[in-house]
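K.L.:
Protein chains in written order, with my numbering: chain A, 192 to 510; chain B, 192 to 510; chain C, 192 to 510.
No wet-lab data here; the hints were simulated from the structure. Each hint can be trusted.
No copy labels: a pair is met if it fits in one copy or bridges any two.
Listed next, the in silico SDA-like pairs over lysine to any residue satisfying Cα-Cα at most 20 Å (straight line):
id, residue 1, residue 2
1, Lys236, Ala300
2, Lys455, Glu444
3, Lys455, Glu416
4, Lys236, Glu326
5, Lys266, Pro239
6, Lys266, Arg242
7, Lys266, Leu228
8, Lys236, Ser269
9, Lys266, Asp234
10, Lys237, Leu295
11, Lys236, Leu295
12, Lys266, Val238
13, Lys460, Leu480
14, Lys236, Asp293
15, Lys266, Ala300
16, Lys266, Ala297
17, Lys236, Arg325
18, Lys355, Glu215
19, Lys266, Val235
20, Lys236, Asp327
21, Lys455, Val488
22, Lys455, Ser443
23, Lys237, Asp327
24, Lys237, Lys266
25, Lys236, Ala297
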Amino acid sequence: MLNPQLDANGELKHLLSTEGLPREVMTHILDTASSFLEVSDRDVKKVPLLRGKSVFNLFFENSTRTRTTFEIAAKRLSADVINLDVGRSSTAKGETLLDTIDNLVAMHADMFVVRHASSGAPHLIAEHMQRIGREDVHVVNAGDGRHAHPTQGLLDMYTIRHFKRDFSKLTVAIVGDILHSRVARSDIFALAALGAGEVRAVGPQTLLPSAIGRMGVRVFNDLAEGLRDCDVVIMLRLQNERMNGALLPSASEYFNCYGLTPEKLALAKPDAIVMHPGPMNRGVEIDSLVADGRQAVILSQVTFGIAVRMAVMSILAGN
Amino acid sequence: MLNPQLDANGELKHLLSTEGLPREVMTHILDTASSFLEVSDRDVKKVPLLRGKSVFNLFFENSTRTRTTFEIAAKRLSADVINLDVGRSSTAKGETLLDTIDNLVAMHADMFVVRHASSGAPHLIAEHMQRIGREDVHVVNAGDGRHAHPTQGLLDMYTIRHFKRDFSKLTVAIVGDILHSRVARSDIFALAALGAGEVRAVGPQTLLPSAIGRMGVRVFNDLAEGLRDCDVVIMLRLQNERMNGALLPSASEYFNCYGLTPEKLALAKPDAIVMHPGPMNRGVEIDSLVADGRQAVILSQVTFGIAVRMAVMSILAGN
Amino acid sequence: MLNPQLDANGELKHLLSTEGLPREVMTHILDTASSFLEVSDRDVKKVPLLRGKSVFNLFFENSTRTRTTFEIAAKRLSADVINLDVGRSSTAKGETLLDTIDNLVAMHADMFVVRHASSGAPHLIAEHMQRIGREDVHVVNAGDGRHAHPTQGLLDMYTIRHFKRDFSKLTVAIVGDILHSRVARSDIFALAALGAGEVRAVGPQTLLPSAIGRMGVRVFNDLAEGLRDCDVVIMLRLQNERMNGALLPSASEYFNCYGLTPEKLALAKPDAIVMHPGPMNRGVEIDSLVADGRQAVILSQVTFGIAVRMAVMSILAGN
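Throw the hints in and build the complete structure from the sequences for me.
P.N.:
Structure follows, in structure tokens:
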């Protein structure tokens, strides 16, 4: 099967996952994002690249934060943005996902930004576009189940490249609830494609996928060992619902074992950077001294995230 | 009493209902919509006709689908669109409907798109505009109670005219829950004004209005008889709340009697078209083989719907 | 401590409260609003002063009415407006207020319009901007707890100035639930700065702050006495939650004592104006004969409110 993200010429048609995304496509997105960074610093933060295009934010799962980043990115490209809080509407009326999509395509949608609790929903929509012969309509995965969150993966790569340049020499530790994290998966695939030296998955056994060994990462259950001599530390958010479940004894015990404190961070290289996809649980997975410390690049990730999303949308729209 | 939708020169001032809407006004809307169809196909899907105008989507009853179509139409006309989810706001604070409206008029609103559970609410607002001498503010009914849904009626007329040309030779069957359907009412009045040959109301006795005979339609309780030799079949959505109520035994029994299957559709003319206002309940009022079949024009209705709404807004704004 | 609303040159940097706002800054806002009134009357109601700026409506407390006025004002200045219904999002995920703010600043926000149930939240954000050295990001208080609602205060001053010109000769009565009213507080400080002749606080003892005497107002528990020979009557909304609480016997008893009827109003000067911040409880704090009478300027307040908000945003953005 052809990679559904790419057209016959190998160009980006949809952004569904960092898995299977060729290095050169990724690099092209990051380079394009670079040029958009400057737009957000201008007095008039707008370029007309998507003027007259209709971008639909289809959030079947609520996420104000992520929806806002896409809304800002699209508006700075001058698109018309329509927010659909789909959880509360037609699906509740018994309509199928693809009927909802067909309707929006009939309204001349140009792009769908899709968030869905079910893994694979954006793929399904992308395949449907091919089936109905509407390959001019593009799909961006804004997070699907435990599967992928590719714009987060790409903004993480942008951040690492910005601060560390050469991926081949880097040791990157991803710490926390890897089992439930689409961010971790997207980062691992992207780091592999970009040739990162060593990628580590660090967390309690109950929060690591059983097949983690096959993903080309080194597994650590001990945080101190996992952090030793790292260049990049990516902390994952611990979802509230895990904290008092069967997988973890308590939030404070989690913090004792896997929370990033200045002492733990001292085991990494002195110039290591600390990343987090947000929103942070201070005192759970990360100590405030680290979150607000000189090694944290968490807010840079946010800034780069807007530029990366502008780049993805602009490339998809054929600019 | 003068028709509150028309000004002294017989031009459209508000769009409240297809009832009492003169044939020439309707035809003017459909002709204007034709010219807007092309805008949505452009690379830059925007015209500046409503630039700097403030369009308020006042949805006292929630409907993401319909609100989206008006939002897209207004944005493609370059209006500033403000969505007010009114159910959750001021009315909850005890303010009267007309106080809410007066406030928005004081903010220099140009157009209200109104959805309301109570029949007549948009009329009330339109009359109020006259009373306060603000006839430059226009009202579009986006569905009021069981009364009217005129833009749906007009887009249905656009669809029929597009596929069938001459209304006078057509037999049109409207099938389903006509009792609760503002779409059916709007279609029946519009078909009458445009001179449709024969209009049929098909459904169980419990879902037909008692005064249906006076509306100039032929009544059928049997679907097969109602469909025979039809040119146009308009299927109505069966509201979920009817299905397990006193009016109907069950959804599956409804499907057996009134669901449109390929076998039933074969009784209509071979080139009959099948319409549905959406969202569809597949397997309840319509079989998927019909919904996705070659005779269905359901997605064309959606596309034409945007153009019709652009036409209505643009005519009201005096372009 | 320097006034956090003003920069080193005494120019407006944030709008947090009418308390401590110098008379000349206030007058500059009102004069600027004057020039924007005309924009809302134009055919194309738009000026490009905030083009390419990102304005975030951060409503931690729901208020469709107030949010709409800021949204309209920002759109007429050509800003990109992003509405964040924050109550339902990140704070629910355990993120701190300042982490949410830092994230939006990292997305290159230019202005925050903040509504919050806690008094002082907008101040906290403004101070944070200084701490992180981002004084190019501006904060507008859209109502915080019982503390302040400065744009309402300013639009009230605009209204009084428009109808009465010289503040020094005026007697202004503020009537109702002054204890819980941020509008009353904002009006009292603004009237003092603009040199109003006499300001009266009229209401039952249980709804007056204990420190009211220190605010430079004359206190009346009797409505008739409080209204005598007034030039301006500002009626406050009685929050529903007060009506059946411990503070008041009942809504109808409140109306008997403090509701503004034509008879009561006749005690004020014949050309006295009646104001109300909306939404009104007709029959509770105000009789419909007064609300719709010739002395009411309640809808003018709404119109002026848009112009005042445009003025504040435009001044903050440095135009």
